[in-house]
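Enquirer: Here are the chains, one letter per residue:
There are 2 protein chains.
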Amino acid sequence: MDTLTHFRLCPFSRSVRLVLTELEFDVRLMEAQPWALGPEFMAMNPAGSLPVLRLDDGLTLYGAYAISEYLAEEVPSHPVDQLSVPLFPGDREARAEVRRLVDWFHRKTFDEATTHILEEKLYKRFRSGHGQPPDVGVMRAVHKNLNYTLGFIDYLAQERRWLAGDDLSFADLAAAGQLSCADYLGEVDWSGYASTKLWYARLKSRPAMRAILAERMPGAARPPPYYDDPDF
Amino acid sequence: MDTLTHFRLCPFSRSVRLVLTELEFDVRLMEAQPWALGPEFMAMNPAGSLPVLRLDDGLTLYGAYAISEYLAEEVPSHPVDQLSVPLFPGDREARAEVRRLVDWFHRKTFDEATTHILEEKLYKRFRSGHGQPPDVGVMRAVHKNLNYTLGFIDYLAQERRWLAGDDLSFADLAAAGQLSCADYLGEVDWSGYASTKLWYARLKSRPAMRAILAERMPGAARPPPYYDDPDF
Chain A
8 MDTLTHFRLC PFSRSVRLVL TELEFDVRLM EAQPWALGPE FMAMNPAGSL
58 PVLRLDDGLT LYGAYAISEY LAEEVPSHPV DQLSVPLFPG DREARAEVRR
108 LVDWFHRKTF DEATTHILEE KLYKRFRSGH GQPPDVGVMR AVHKNLNYTL
158 GFIDYLAQER RWLAGDDLSF ADLAAAGQLS CADYLGEVDW SGYASTKLWY
208 ARLKSRPAMR AILAERMPGA ARPPPYYDDP DF
Chain B
8 MDTLTHFRLC PFSRSVRLVL TELEFDVRLM EAQPWALGPE FMAMNPAGSL
58 PVLRLDDGLT LYGAYAISEY LAEEVPSHPV DQLSVPLFPG DREARAEVRR
108 LVDWFHRKTF DEATTHILEE KLYKRFRSGH GQPPDVGVMR AVHKNLNYTL
158 GFIDYLAQER RWLAGDDLSF ADLAAAGQLS CADYLGEVDW SGYASTKLWY
208 ARLKSRPAMR AILAERMPGA ARPPPYYDDP DF
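Quick mapping for you: the protein sequence lines, in order, are chains A and B.
Heads up: the first sequence begins at 8 in the working numbering, then just goes up one per residue.
Heads up: the second sequence begins at 8 in the working numbering, then just goes up one per residue.
Think of the hints as simulated: they come from the structure by calculation, not from any bench.
Treat each hint with caution, since some may be false.
The list treats identical chains as one, so a pair stands whether inside a single copy or across any two.
[Unchecked claim] Within a straight-line C-alpha distance of at most 30 Å, the following computed DSS-like cross-link-like pairs (lysine-lysine) qualify: (1) Lys131 x Lys115; (2) Lys131 x Lys151; (3) Lys151 x Lys115; (4) Lys204 x Lys115; (5) Lys204 x Lys151.
With the rest of the complex left out, here is chain A (with noise of 0.2 Å):
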């Protein structure tokens, strides 16, 4: 079986499994620890990139962008209830829009807000073995970066049904990805975001989405109480 390696905690293993999810393409989950990538795994991948997808038939894809536009191109979407639409949906233009949201969520929120909520409150923790407080001051630009962020998918979510138009999109599942980690340790104030809740409200009742909300992290704090509730 197809086997994908993720973190359950890293918000591109979560953006591809939701795809995988949506497209009914099974696999096989194997868990890394992003914190202590061990040798074995760095020779295989020197970037240390999660996700990766092996397949079955010997091709190996490494990271969200080759594993997203590879499904793009190889695997046929559902009409039915799943992913009713492409991953990058539309004529040209559509998935220009798609693509230039992927980079907004994928490079601009993660680099400036979730890779450092995952280093400060996660990663510190486990490579150390206690618990370290965060650094204030990067918090603190966490905190304002992360809420330029909702502010877009605010601006976003009031003018469409989803973040790139009419369909759903890789662009809301990669967005997915980012929030629901940074939510699942507390970091998202939601308040001041209406059209943004209503939009992850529904994200949020999706199968593929519900399934990876009611995951736990042994040895880290538990999520606050509206984590895994649609109705927040």
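Given chain A's structure and the hints, the job is docking chain B onto it.
Expert: This is chain B only, laid out in the frame that chain A set:
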């Protein structure tokens, strides 16, 4: 005429300019200053990403990811003496390899090296209006990270004519965008990477690359003498 908004020492701008020239896709260039993007630019492109390709038919593409995938889908490649293959040449395996490498250079090399080199050696100076010495600790980490990329390229270039295989691809141009900006600012130590040097020398002798290497940045230190020399 189609317009590309770029910055001459932005590595993503460079990789896209290389692609456009290789594809004989003529654009008018407009320059922006990444350390001082104006409100009109940010209103149009709240991610602040460069480059931006505005087509005459109204479509606007933001960032190297959306632009490169658009060009791969929509612009035919030329069979003779220019880019002899598409940006993502070959079968699904070959395309996945190109995207894995692009991701390396655009995410890993940029995030861990190029962005810090630009900030420490260029943007700091232009933002403040006077020279400020680069942070020694940051630059030490940057050199270590950049050497990891150079070692990785060396490993690939020992086995392959171009980084992803037999044909020039977007992987080579993405790497050239990052390395040439770092090299302009004197931060690449090529010694010890003989195969990387040979690969880069072949890139340097291409007309698309020569045109970019002939440019200078007013107000910044001059690049090292070997910067635009294919026999370096």
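Enquirer: Now, for every hint given, state plainly whether the structure supports it.
Expert: Status of each hint after checking the structure:
Taking CA atoms no more than 30 Å apart as the test, Lys131 paired with Lys115 passes in both settings, with 22 Å inside one copy and 21 Å between copies. In this assembly of identical chains, the alpha carbons of Lys131 and Lys151 lie at most 30 Å apart whether taken from the same copy (22 Å) or from different copies (22 Å). Proximity of Lys151 to Lys115 under the C-alpha cut-off of 30 Å is found in both arrangements, the shortest distances being 13 Å within a copy and 24 Å between copies. In this assembly of identical chains, Lys204 and Lys115 lie within 30 Å of each other by CA distance solely inside one copy; the values are 20 Å within and 32 Å between copies.
Proximity of Lys204 to Lys151 under the C-alpha cut-off of 30 Å is restricted to the intra-copy arrangement: shortest distance 18 Å within a copy versus 42 Å between copies.
The structure shown violates none of the earlier numbered hints.
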